[in-house]
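Number of protein chains: 6
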Amino acid sequence: PGLSHVDATGEARMVDVGAKAESERLARAVGAIRMEGATLDQLRENRLAKGDVLTVAKIAGIMAAKRTSDLIPLCHPIALSHADVALTLDPSLPGVRVEATARTRGRTGVEMEALTAATVALLTIYDMAKAVDRGMILEGVRLVEKTGGASGPWRT
Amino acid sequence: PGLSHVDATGEARMVDVGAKAESERLARAVGAIRMEGATLDQLRENRLAKGDVLTVAKIAGIMAAKRTSDLIPLCHPIALSHADVALTLDPSLPGVRVEATARTRGRTGVEMEALTAATVALLTIYDMAKAVDRGMILEGVRLVEKTGGASGPWRT
Amino acid sequence: PGLSHVDATGEARMVDVGAKAESERLARAVGAIRMEGATLDQLRENRLAKGDVLTVAKIAGIMAAKRTSDLIPLCHPIALSHADVALTLDPSLPGVRVEATARTRGRTGVEMEALTAATVALLTIYDMAKAVDRGMILEGVRLVEKTGGASGPWRT
Amino acid sequence: PGLSHVDATGEARMVDVGAKAESERLARAVGAIRMEGATLDQLRENRLAKGDVLTVAKIAGIMAAKRTSDLIPLCHPIALSHADVALTLDPSLPGVRVEATARTRGRTGVEMEALTAATVALLTIYDMAKAVDRGMILEGVRLVEKTGGASGPWRT
Amino acid sequence: PGLSHVDATGEARMVDVGAKAESERLARAVGAIRMEGATLDQLRENRLAKGDVLTVAKIAGIMAAKRTSDLIPLCHPIALSHADVALTLDPSLPGVRVEATARTRGRTGVEMEALTAATVALLTIYDMAKAVDRGMILEGVRLVEKTGGASGPWRT
Amino acid sequence: PGLSHVDATGEARMVDVGAKAESERLARAVGAIRMEGATLDQLRENRLAKGDVLTVAKIAGIMAAKRTSDLIPLCHPIALSHADVALTLDPSLPGVRVEATARTRGRTGVEMEALTAATVALLTIYDMAKAVDRGMILEGVRLVEKTGGASGPWRT
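Chains as they are written, first to last, in the numbering used here: chain Y, 1 to 156; chain B, 1 to 156; chain X, 1 to 156; chain C, 1 to 156; chain S, 1 to 156; chain L, 1 to 156.
One chain only, chain Y, in its complex shape (with noise of 0.2 angstroms):
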């Protein structure tokens, strides 16, 4: 099979849709962005006393979910039903882990909502720390499940 998003031509193009049946349809994707050590520590006891650069970086990510076909261009606009985003501080990153989960009930799937949703978090972190850090570098940002749809469950 081929590359989805290109005709027989070549050309790139948008994937029709309309004869998929809908069904329920979820996404979960994971990234981190590893960071010194001391970044983390200085993240760790600004969450301790509000939470801040965690709760924008998820807000963040909550709010790319719903503008990914703004984003990406061959993608379908989706009425998600739900986005989440949670973060996790890991010290043997040392940095801080994302899972991004999107639903829907549609004729399309939800993995480039989780992928950007989670991406889009980490993004914000850097922008919230790199004053302190510009080295911070994203990494293993992938789908690691994908329910609904004709093609059935799919995890790594």
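It should be emphasised that the hints constitute simulated quantities derived from the structure, not laboratory data.
None of these values were measured; they are calculated from a predicted model.
Any given hint might turn out to be false.
[Said to hold, decoys possible] Some but not every residue of chain Y turned toward chain C, in silico, with C-beta under 7 angstroms:
1) R13
2) M14
3) D16
4) G18
5) S69
6) P73
7) P77
8) L93
The beta-carbon is built from N, C-alpha and C at its ideal position, and this holds for glycine as well.
Given chain Y's structure and the hints, the job is docking chains B, X, C, S and L onto it.
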């Protein structure tokens, strides 16, 4: 020094850049998406024919750079003078490498614009190839250069 | 019952509406902007001639209703079937009263769409008249009716 | 019958589509941009090498289709199931012809989505070629087909 | 003097600010949302634990300030140098008070940015608390200070 | 000279305007929508009563001018100092003529802003009158004047 977007009471805030001097500012970010060798082959064959996947990803990255302040909550709106995204197939990953550049003349840096362009270009590749390879992974998204502003040049 | 957007650990979250039944939903919101009598006179004279201030405010409110989920972080994207904004000059304030209505068939209510439409219509009046009256005040913006959904009809 | 977006008192309004039945809907729009023969030659030579101008214009048109309800004040938000833009070099103009298609399953038609896609694709060609030819002209942008909805099929 | 957004023939228009001098500009707006005492208690208890409702509302207000010219038809796009939103629980209402500040260096004022930030922050509080209290009311949203520009400082 | 948005290898790119001098820039674009005489009569009767169709189209055009860089992939974001849209009923078409003007002080021209404003105003007229006349055609959308920038003034 503390996290610049968090004030003394720990609340999130937008930095006031009104007192900063205008200067020429550049930021360069890189990253990659790893995939199955067979997926890269399909991408490459397509590229030789029409180049579409890479062109769509490039355009998506440039357009995303212009919308950075809509996505990242505490980013300032910036009149970019230039944004560019270069994509390179790398069989050694196997996958695609991205390098994104942003420039402006202004009171605040364009790191987030470069990082957002790089990330959205990679997500677009994921979207266009996900029908054949759901396991692709975004890796190593990071700033590699920054010039302009009071803090002067920075390189990894 | 607790705040529905905050989970057991106090974190912000988007409500999962996937399990809710679709129903016809309507919301109606009202509000007002108070101004100097002389400002209202100018608005009225203008309205008799061309109606432009009120038309611009009405259009702004309808367009804002369509963008509610872009503005309110935890709002679901909704395919509105209808949005309307009615504006009435009220010399007893003196000022302008707004009533905004939103309708959809879906799994979640349209209260925020009606409130956003009402508010942006009033802000647009402020913008168009502020050169002559900076002291205008938005007052009494509130929901007055809601139908559809599991909780049934509600009126003030 | 009167203008459907204007009510009995002459005020602009959004049509309430809540009572309309869902149906498969399609719209097809065409248009063209006329240019100097030499400009078309440059476009063609470029297309043979990389196809970029046409690809960028195509992507711009598809993305614009998804944002139609943000641009056209009284348009309903629509979950497009498909949008496509085809561009053809036509030496007889000389210039480029566009055909845009939009599809959905819903309560309202997608004429504006097809027309918006066609128009923005043409504007993008203008933008990319304007450095060599400022006199290019958009011509003949019109609906050519519409199916679905109570009024049934329509063709020019 | 007449309404500045309406020309001699009564038609709406965007003011041409090209001939205005650049200056440092600030605007400050306030407002409040009144609610049941029990709702405020829930908000407060939540705030002590995590502060999320107020943080989400604050972020929503700051992000809305950046999108003001997308919402208010005749507003100029502005490169904000700063936007801030402060929220205070006030048992005497009972409810929450908001104060929003916007700054730029430019040719036009930032009153609408401050008012939009204040309003969207209040709407976000409504959204997050509406499951327990639909009768909340936005009150007293108004400009309280403006500096910069030819007209000089203004305070209520 | 070649197409300015395509680099030596044929790839699409955004022009770097950082080295261009700031200057006062203006662009003026025109266009028309042709319709049945009976449609124009309905528009005219409406205009005499309320002017709404033309006002809505005008507002849509001005708002679209502000979003040009969101729509046209390689356009720079621009802080418009002015945008205007004038609409004239022309029985000789029969139809409506549009003239759109955009101004800024900056490093890049505003041709695309004027063309986008003109086009979206015409599309809005189509939307509002399509229930009575699906065969309307956009014609002759083109730049007629441009001043400012290194290339100096240009007129058709």
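Structure-based check of all given hints:
no. : hint : in the structure
1   : R13  : holds, 6 angstroms
2   : M14  : holds, 5 angstroms
3   : D16  : holds, 4 angstroms
4   : G18  : holds, 4 angstroms
5   : S69  : holds, 6 angstroms
6   : P73  : holds, 5 angstroms
7   : P77  : holds, 5 angstroms
8   : L93  : violated, 36 angstroms
Violated hint for the displayed structure: number 8, the only one.
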